[in-house]
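Trainee: Residue numbers (the numbering used here), protein chains in the order written: chain P, 1 to 492; chain U, 493 to 743.
One thing to keep in mind: the hints can contain errors.
Said to hold, decoys possible - Capping the alpha-carbon separation at 20 Å, the derived lysine to any residue pairs in SDA-like fashion look like this: (1) U:Lys679 x P:Gln399; (2) U:Lys605 x U:Gly522; (3) U:Lys679 x P:Leu456; (4) P:Lys103 x P:Arg58; (5) U:Lys679 x P:Glu361; (6) P:Lys148 x P:His133; (7) P:Lys416 x P:Val403; (8) P:Lys488 x U:Gly522; (9) P:Lys488 x U:Val495; (10) P:Lys416 x U:Phe527; (11) P:Lys409 x U:Gly590; (12) P:Lys416 x P:Glu13; (13) U:Lys605 x U:Arg494; (14) P:Lys488 x U:Asp526; (15) P:Lys38 x P:Tyr377; (16) P:Lys38 x U:Gly665; (17) P:Lys208 x P:Thr242; (18) P:Lys488 x U:Pro664; (19) U:Lys605 x U:Lys679; (20) P:Lys38 x U:Pro664; (21) U:Lys679 x P:Arg16; (22) U:Lys679 x P:Ala415; (23) P:Lys38 x P:Arg53; (24) U:Lys679 x P:Leu469; (25) P:Lys409 x U:Glu589; (26) P:Lys103 x P:Glu75; (27) U:Lys679 x P:Gly359; (28) P:Lys488 x U:Thr519; (29) U:Lys679 x P:Gly458.
Stated by the list, open to error - Incomplete in silico selection of chain P near chain U, CB under 10 Å: (30) Arg29; (31) Cys373; (32) Gly374; (33) Pro387; (34) Val397; (35) Val398; (36) His418; (37) Ala419; (38) Ala428; (39) Ala431; (40) Arg467.
If you're looking for bench data, these hints aren't it; they were derived computationally from the structure. Think of the CB as a built atom: it goes at the ideal place given N, C-alpha and C, for glycine as much as any other residue.
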Amino acid sequence: MSGTYLGMPAFPEAAREAVGNATLRGNLRHATHTIRAKRATAVSEVSDWAELREAGKRIKDHTLRHLDRYLVQLEEAVTAAGGVVHWAADAAEANEIVTQLVKMTGESEVVKVKSMATQEIGLNEALEAEGIHAYETDLAELIVQLGKDRPSHILVPAIHRNRGEIRDIFAREMSEWGRPAPEGLTDTPAELAEAARLHLREKFLRAKVGISGANFMVAETGTLVVVESEGNGRMCLTLPETLISVVGIEKIVPAWQDLEVFLQTLPRSSTAERMNPYTSTWTGTTDEDGPQNFHLVLLDNGRTDTLADEVGRQALRCIRCSACLNVCPVYERAGGHAYGSVYPGPIGAILSPQLRGTGSEIDASLPYASSLCGACYEVCPVAIDIPEVLVHLRERVVQGGEVTREGNKVVLRPAKGHAAERAAMRAARWAFTHPGVLRGGQRAASRTRRFHPRTLPGPGRAWSGTRELPPVPAEPFRDWWQRTRGGKDGDR
Amino acid sequence: MRVALFLTCVNDTLYPDTGRAAVKLLTRLGVDVDFPMAQTCCGQAHYNTGYRHEAEPLARHFSDVFGEYEAIVTPSGSCGAMVRELYPRMGERARAEGRGDTLAATLAPVVPKTYELTEFLVDVLGVTDVGAYYPHTVTYHPTCHGLRGLGLGERPRRLLRAVKGLELVELPGADECCGFGGTFALKNSDVSAAMGADKVRNAESTGAEVLCAADNSCLMHIGGTMARLRTGMRPVHIAEILASTEEEPAV
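The following block holds chain P by itself, in its conformation from the complex (with noise of 0.2 Å):
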């Protein structure tokens, strides 16, 4: 994945500011809310949801065991439909990719249509270091940018944001990038959104450039499909002269059938609707009737080599909805910007540091910043168990182990500052497998129980900080049995 992120601070130290922040944890707390109850509202609507939702991780699954013939079956297809396919094994690769095609056509700006691939490798920095404006189209997203801000969600990428910053947004950056704001702009979303139009309609008309992503790709006849709900990705796709697709190697599914599965339970797990009110699909090109040039970049950047984890890789079967993100407790408080990465929230904390690796500070810290209260799976449209992933790459971090990095294998050291840790877990073990040194502490314990401190030293202090802790009985339950034998030897 691209640098852009990397340089964050472990989550814990992120996530204690966005805590810090009211305005913040309100924004999301409201937004996150609000969307979750529709969304268990949508899913009970279908009577077969459980069924879909196996279908679903079936079709992901067996797509990922056979995905090297479906990916050139795929290529095939796009070919014989006038496309060109690219193959990218890395973020430098694509963006090279991408920044040649767009020089080749001679222009210096483009517009885009929500692509997460684009931003996990960095896309826009790199077409801006070669003189090319990349300008974002989709409400949430142009907001981000005019903002100078980051992505803090996979669907709502704005929702840290409420109506009032985006109006001061608009109003001072619009002039900088196009058409300015209208004069005397308030925030009421009616307006908000009519001042995007005008705003985006000026680049939809003269771009000659478009570049998107997709949400899947089918195999059998090479067609791409995006699903939104503003349909300024319509525009993006169907307007200009040359559309540029990067898209993740996983997104494809075999058949068109398939997509019959995705269609229903994509929309309901991230935006609550029945159907997106957009769903666009192109197959290469069509004489005089849309874009006339057409490349699709297949990126693999780190998902090859999660394919080879064989309990990492079921977070390649995400479909991007964000359910997860919106019922995980901990996203609430933390925000997406505290996962520093394109892929925030559960998913994220699973996907990360398997693309990127477990070696920088942020993406070790990430399998821990989950409770592992498991609401992330109960909503997963394809039944990732997060949990699962989440423990096995906590395994990898403090153990180590062996993974497969670019296709070769490596193993891992453990990561570094676990080491105390490591040592009272394997003390613990210890004591646990000799019943009579547990028996010993916990009467130590009870014998001091008067001095003991109200705070705790060391890793100790961030429980004290907040709660109080519990004091310690007389007696542990065990010599109370022993003494009574469960009351029938006298005292109860």
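Guided by the hints, dock chain U onto chain P, whose structure is given.
Mentor: Coordinates of chain U only, in the frame set by chain P:
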């Protein structure tokens, strides 16, 4: 029926009253309860923090200690879920790593015999009215591993509704995690504390005197937050409510 009480290391060390209540309740219902003295910890803290290899000997020890009993009952949804959900997974992983079937075979016998307390009462003993008396307003927090790991569903609420004198009030946002999460409370203490504070505020809004749950570790976190925020509410384990009678009421 010869039933072993698995009290969990946290209950044993810090909350012996829960253990005494479980013994009292089960005995009252005609169950012959034993407490194997060699029991220690199920290994959940190790497993969930990433130390699976440290957790394996603890799981083996658990199977050695409890394997001979007809049923293993624990007043902890979280430790119950460890045995039922994660012991089979530990066996699978050992097999996938080429270590054979030994671990899976050792752990398999205890998995189907392990019950969380309210599950045992409702499913095995077939009772919902345990003859309890508890004249207080109570709100119930379904802890995550009990709710999603074991699927306890309405069982605890059905038991509570049958308690004489008890008024059960619904907890807003009941299904949301309290923020304990084992070592999460230490590693991400700010987020954990914020989650705990929201849980306590929701509990306070019910006007209940008592917040009850089927897991002492969550109650330790919620109760510690309640005490720090000076709410006057009390955290009480469901076993203590169900053990309370008119003759011997819980305090």
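Trainee: With reference to the structure, classify each hint as holding or not holding.
Mentor: These are the hints, each one checked on the structure:
For the hint linking Lys679 of chain U to Gln399 of chain P, the alpha-carbon distance of about 17 Å falls within 20 Å, and the restraint holds. Note on Lys605 of chain U and Gly522 of chain U: the hinted pairing holds, with a Cα-Cα distance of about 19 Å set against a maximum of 20 Å. Note on Lys679 of chain U and Leu456 of chain P: the hinted pairing holds, with a Cα-Cα distance of about 15 Å set against a maximum of 20 Å. The hinted pair formed by Lys103 of chain P and Arg58 of chain P fails the criterion: a straight-line CA distance of about 41 Å is larger than 20 Å.
With a CA separation close to 14 Å, the supplied pair Lys679 of chain U and Glu361 of chain P stays within the 20 Å bound. Using a Cα cut-off of 20 Å, the hinted pair Lys148 of chain P and His133 of chain P holds, with the two alpha carbons roughly 14 Å apart. This hinted pair checks out: Lys416 of chain P and Val403 of chain P have alpha carbons roughly 17 Å apart, not beyond 20 Å. With a C-alpha separation of about 14 Å, the suggested pair Lys488 of chain P and Gly522 of chain U falls inside the 20 Å cut-off, and the hint holds.
Note on Lys488 of chain P and Val495 of chain U: the hinted pairing holds, with a Cα-Cα distance of about 16 Å set against a maximum of 20 Å. Distance check on the hinted pair: Lys416 of chain P and Phe527 of chain U sit about 41 Å apart at the alpha-carbon level, beyond 20 Å; violated. A threshold of 20 Å between alpha carbons decides the hint, and for Lys409 of chain P with Gly590 of chain U the separation of about 17 Å falls inside it, so the pair holds. The straight-line distance between the Cα atoms of Lys416 of chain P and Glu13 of chain P is roughly 17 Å, inside the 20 Å bound, and the hint therefore holds.
Under the criterion of a C-alpha separation no larger than 20 Å, the hint pairing Lys605 of chain U with Arg494 of chain U is consistent with the structure, at around 12 Å. Our distance criterion of 20 Å between C-alpha atoms is met by Lys488 of chain P and Asp526 of chain U, whose separation comes to about 11 Å. At most 20 Å may separate the alpha-carbon atoms for a hinted pair to count; Lys38 of chain P and Tyr377 of chain P meet this at roughly 18 Å. At roughly 15 Å between alpha-carbon atoms, Lys38 of chain P and Gly665 of chain U fall within 20 Å of each other, so this suggested pair holds.
Restraint check: the Cα-Cα separation between Lys208 of chain P and Thr242 of chain P comes to about 6 Å, which is no more than 20 Å; the hinted pair holds. Distance restraint check for Lys488 of chain P and Pro664 of chain U: the Cα-Cα separation of roughly 42 Å exceeds the 20 Å cut-off, and the hinted pair is therefore not satisfied. A distance of roughly 33 Å separates the Cα atoms of Lys605 of chain U and Lys679 of chain U; the hinted pair therefore is violated under the 20 Å criterion. Distance hint between Lys38 of chain P and Pro664 of chain U is fulfilled; the C-alpha atoms sit about 17 Å from each other, no more than 20 Å.
Only pairs whose Cα atoms come within 20 Å are accepted, and Lys679 of chain U paired with Arg16 of chain P is accepted, the gap being roughly 12 Å. Restraint check: the Cα-Cα separation between Lys679 of chain U and Ala415 of chain P comes to about 15 Å, which is no more than 20 Å; the hinted pair holds. For the hint pairing Lys38 of chain P with Arg53 of chain P, the CA-to-CA distance comes to about 18 Å; that is within 20 Å, so the pair holds. A distance of roughly 17 Å separates the Cα atoms of Lys679 of chain U and Leu469 of chain P; the hinted pair therefore holds under the 20 Å criterion.
In summary, the hint linking Lys409 of chain P to Glu589 of chain U is supported, as the alpha carbons are separated by about 15 Å, within the 20 Å threshold. In summary, the hint linking Lys103 of chain P to Glu75 of chain P is not supported, as the alpha carbons are separated by about 24 Å, beyond the 20 Å threshold. At roughly 18 Å between alpha-carbon atoms, Lys679 of chain U and Gly359 of chain P fall within 20 Å of each other, so this suggested pair holds. Between Lys488 of chain P and Thr519 of chain U the alpha-carbon distance is near 10 Å, which keeps this suggested pair within the 20 Å criterion.
With a C-alpha separation of about 12 Å, the suggested pairing of Lys679 of chain U with Gly458 of chain P holds against the 20 Å cut-off. Because the smallest distance between the Cβ of Arg29 of chain P and any Cβ of chain U comes to about 9 Å, under 10 Å, the interface hint for this residue holds. A hinted interface residue such as Cys373 of chain P counts as satisfied when its beta carbon comes closer than 10 Å to some beta carbon of chain U; here the least separation is about 4 Å, so the hint holds. Restraint check, Gly374 of chain P versus chain U: the minimum CB separation of about 4 Å is within 10 Å; hint holds.
A hinted interface residue such as Pro387 of chain P counts as satisfied when its beta carbon comes closer than 10 Å to some beta carbon of chain U; here the least separation is about 9 Å, so the hint holds. A least Cβ separation of about 6 Å between Val397 of chain P and chain U falls short of the 10 Å threshold, and the interface hint therefore holds. Below 10 Å, beta-carbon pairs count as interface contacts, and Val398 of chain P has one with chain U at about 4 Å; its hint therefore holds. With its C-beta approaching chain U no nearer than about 9 Å, His418 of chain P sits inside the 10 Å limit, and its interface hint holds.
For Ala419 of chain P, the interface hint is violated, the least distance from its beta-carbon to any beta-carbon of chain U being 13 Å, above 10 Å. Satisfaction of the interface hint for Ala428 of chain P is found here, the shortest Cβ-Cβ separation to chain U being roughly 7 Å, below the 10 Å cut-off. For Ala431 of chain P, the suggested interface contact is upheld, since its CB lies about 8 Å from the closest CB of chain U, less than 10 Å. Below 10 Å, beta-carbon pairs count as interface contacts, and Arg467 of chain P has one with chain U at about 3 Å; its hint therefore holds.
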